[in-house]
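Asker: Per numbering that gives the first Met the number 0, the very first residue in the sequence shown carries number 0; after that it's consecutive.
What the hints contain is simulated information worked out from the structure, not anything from laboratory work.
Careful, some of the hints might be misleading.
Heads up, simulated BS3-like pairs for lysine-lysine below, C-alpha to C-alpha not over 25 Å straight-line [unchecked claim]: (1) Lys-522 / Lys-538; (2) Lys-45 / Lys-9; (3) Lys-538 / Lys-479; (4) Lys-46 / Lys-26; (5) Lys-437 / Lys-25; (6) Lys-479 / Lys-452; (7) Lys-553 / Lys-529; (8) Lys-33 / Lys-51; (9) Lys-194 / Lys-217; (10) Lys-420 / Lys-437; (11) Lys-553 / Lys-526; (12) Lys-229 / Lys-219; (13) Lys-420 / Lys-339; (14) Lys-433 / Lys-40; (15) Lys-348 / Lys-322; (16) Lys-288 / Lys-107; (17) Lys-199 / Lys-213; (18) Lys-322 / Lys-282; (19) Lys-26 / Lys-437; (20) Lys-9 / Lys-46; (21) Lys-339 / Lys-361; (22) Lys-452 / Lys-538; (23) Lys-33 / Lys-46; (24) Lys-194 / Lys-213; (25) Lys-437 / Lys-529; (26) Lys-288 / Lys-479; (27) Lys-199 / Lys-211; (28) Lys-48 / Lys-33; (29) Lys-452 / Lys-339; (30) Lys-412 / Lys-322; (31) Lys-322 / Lys-437; (32) Lys-222 / Lys-256; (33) Lys-282 / Lys-361; (34) Lys-433 / Lys-25; (35) Lys-526 / Lys-538; (36) Lys-107 / Lys-348; (37) Lys-526 / Lys-565.
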Amino acid sequence: MANITHLNNKIEILDQLLKTWLNATKKDPKNFSKDDYAKLKNEVYKKYKIAKPFQSIELIERYEELMADWTLEEDLFFKKILRKRWIRSLSWVTVISLLTDFFWCPWKCIFCPTFEWLPKSYIPNEPAVQRAVMNNFDPIMQIHNRLRALEMTGHKIEKNDVRIIGWTWSVYPKPYQEMFIKAIYDAFNTYDDMKVYLEKTDFSNDKFATFKLKEWYKAKLSKSLEDAKKINETSRLRVIWIAIETRPDWVNIEEIKRLRSYWVTRVEIWYQTTIDEINELNKRWHWNKESIAATKMLKDAWFKVVAHMMPNLLWSNPDLDRKALATVFDDQNFRPDELKIYPMMVTDKSELTDIWKNGWFKAYDDETLISLTADLQMMIPEYIRLNRTYRDIPADQILEGSIIANLRQIVEKRIAEKWVKLLDTRHREIREWKNDPKNAIIHTFEYEASDWKEYFLTFEDPEDRTIFSLLRLRLPWINKEVLEVLPELEWCALIREIHTFWDQLSVNEKGSTFGQHIGFWKKLIAKSEKIAKENWFNKMAVIAWVWVRWYYEKRWYGLVWEYMVKEI
Numbered sequence: 000m001a002n003i004t005h006l007n008n009k010i011e012i013l014d015q016l017l018k019t020w021l022n023a024t025k026k027d028p029k030n031f032s033k034d035d036y037a038k039l040k041n042e043v044y045k046k047y048k049i050a051k052p053f054q055s056i057e058l059i060e061r062y063e064e065l066m067a068d069w070t071l072e073e074d075l076f077f078k079k080i081l082r083k084r085w086i087r088s089l090s091w092v093t094v095i096s097l098l099t100d101f102f103w104c105p106w107k108c109i110f111c112p113t114f115e116w117l118p119k120s121y122i123p124n125e126p127a128v129q130r131a132v133m134n135n136f137d138p139i140m141q142i143h144n145r146l147r148a149l150e151m152t153g154h155k156i157e158k159n160d161v162r163i164i165g166w167t168w169s170v171y172p173k174p175y176q177e178m179f180i181k182a183i184y185d186a187f188n189t190y191d192d193m194k195v196y197l198e199k200t201d202f203s204n205d206k207f208a209t210f211k212l213k214e215w216y217k218a219k220l221s222k223s224l225e226d227a228k229k230i231n232e233t234s235r236l237r238v239i240w241i242a243i244e245t246r247p248d249w250v251n252i253e254e255i256k257r258l259r260s261y262w263v264t265r266v267e268i269w270y271q272t273t274i275d276e277i278n279e280l281n282k283r284w285h286w287n288k289e290s291i292a293a294t295k296m297l298k299d300a301w302f303k304v305v306a307h308m309m310p311n312l313l314w315s316n317p318d319l320d321r322k323a324l325a326t327v328f329d330d331q332n333f334r335p336d337e338l339k340i341y342p343m344m345v346t347d348k349s350e351l352t353d354i355w356k357n358g359w360f361k362a363y364d365d366e367t368l369i370s371l372t373a374d375l376q377m378m379i380p381e382y383i384r385l386n387r388t389y390r391d392i393p394a395d396q397i398l399e400g401s402i403i404a405n406l407r408q409i410v411e412k413r414i415a416e417k418w419v420k421l422l423d424t425r426h427r428e429i430r431e432w433k434n435d436p437k438n439a440i441i442h443t444f445e446y447e448a449s450d451w452k453e454y455f456l457t458f459e460d461p462e463d464r465t466i467f468s469l470l471r472l473r474l475p476w477i478n479k480e481v482l483e484v485l486p487e488l489e490w491c492a493l494i495r496e497i498h499t500f501w502d503q504l505s506v507n508e509k510g511s512t513f514g515q516h517i518g519f520w521k522k523l524i525a526k527s528e529k530i531a532k533e534n535w536f537n538k539m540a541v542i543a544w545v546w547v548r549w550y551y552e553k554r555w556y557g558l559v560w561e562y563m564v565k566e567i
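Produce the complete structure using the sequences and hints provided.
Answerer: Written out as C-alpha cells, the structure reads:
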C-alpha cells in the first residue's frame, strides 16, 4: 500500500511540476528561460518537501504520457527547456556516432594506441567504445541504443547525421562496408517496430539507455542496401548525412564512387600536420601531396571535407603547429570545409608510450596549450566550421597531456578577453540566441579552394553576423579523373552543402519560431543558380538525401544516378 501511495504522490508532483511550467511558458514563451524553469521547480519541491529532485528523464516520460492521452498539449518551447543537453539538436539534425569492429591496421603511426579487439587509435573507456562493446559492435544495436537514450532525454530523432568512427574506413573489406551501411538504414527503418517489443529500459544512465526486448522479437531487415535506402525515403526516422574517417592516401576515384553509392556525404581525412618532415617522423607515411589530392578529388565529387590536425606531434613545437594550421588556410590547395583539432595525448599501448617513458617526449603544459589553441582558433576563416578542439578521452587513460575537460571554454574565454570575435561557422550558428530570422540577409563570401571558385552563402543577421542558414557552392570546370566515374557531373556547378540551423523539426513539420522550413533553402538555391549561370555553368548538381528528393523535383531537378541535376 505504501508503494502505491508513494507512486501516486510522485505522479501528483510530476503533474504539478509540468502544469506549473506549461502555464508559465504560455504567458511569455520568448522570455521563459532555464533559470525560470529552475526557480519554479524549486518552489514545487519546497511545497511538497522533496529533498531529491526527479530526473529529467522521469519528467519527460510523464509529459509524453500526458500528451498521449490528450491531458496536455505539446508545447515546443517547453520541450526544448525540459530536454537534456539541448545543444545536441541545434544543428537541425541529431548526431549518432557508431564504431566499426576491429580490423588489422597496416600502419605503425607512433601515437596510435592498439588495444586488443578494438579499432586502431580507440581506447576502452571512451563513451562510443563502451556503447559499441556493450552491443557487440552490432551497428543496428548501437544505433537503437543511442536513439533510445536521446529519445528518453527529450530529443527529436527524425533527422540523423551518422558518423562512422573506428580507424580507416577505406581499408575494411567491401562486404563488411556494405553490411555496415545497410545496417545503418535498417536500424532507422526498424526502430519504431523495435520499441513495441521493449520490456524494460534502464533509466539510470542516459548515455547508454540499455533495454531488454521480448524474446520473440526479430527485426524485419531489408533484402539489400538499395531496398534499405528506398524504405528510408518514407521512414519516420531518416538518414540525412553519413560521415566516414580515412587516410588521405586511401582516397582514390574508385573509393569515391563506392562512397557515393553508400550515400556518404562527408569525409574526415587526417592531415595531422602540413609539415611533411613531422608527419614522417611520426611514421604517418603520407605527405601533403596526398592530402591535397584527396581534398580536391572529394570536393570535385561533391563531398564535404573535414580535416583533422594534431598539435604537439613528436618533434613539433607551438610555432610549427601555428605554421602548420596557417598553411591549411593560406594555401588554396587545402582549405577544407570543417576542422577538428586534437592535441597529442599519450595513452597506453602505443610506440609513443615507450618514447615518453624514456624521456623523449613531453606534452605541452596547460598554459602553453591554452595559448596555442587560442591562436589556432583565431586563425580560422568564416567558411570553416571548427567541430572539436579536444578528444574526449577519460582523464584516467591519459598518461601525458592535458586533462582539462573544458579546454574549449577556457580558450574562448581567453579569446573574449582579447576582444576578438571568432568568425568560424560554429561560433556564428543561431543555436539558443534570440536573433529574429525575419532580419536575415544573404551574405556571399567568395574564395578559391582546390583550384576552383567556392561560394559560401549565408543567411545571417547583419547586426552580429549570426548564421541562420548556409550553402556551399563549388564551380569546378574539368576534373577528368572524377568525370571518368561520375560523368553526370560534367559542366555541373555543385551545391555541396545546404543547412539550416536552430532546433530540429520533424519531417513535414512547419517552422515558424524554431527556424527550419521558413524559406531559406529556396532563396539560397536560387542565389546559387544565379551565380553558377553568371560563371557560364549550364547545370547544377546536388546530393539530395533520400527523403528530400521531392523538394528538388518541385524545383525542376531530376535524379541522375545519385545526384539531383537541373539545367539552369
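Asker: Need the list of violated hint numbers for this structure, in ascending order.
Answerer: 15, 31
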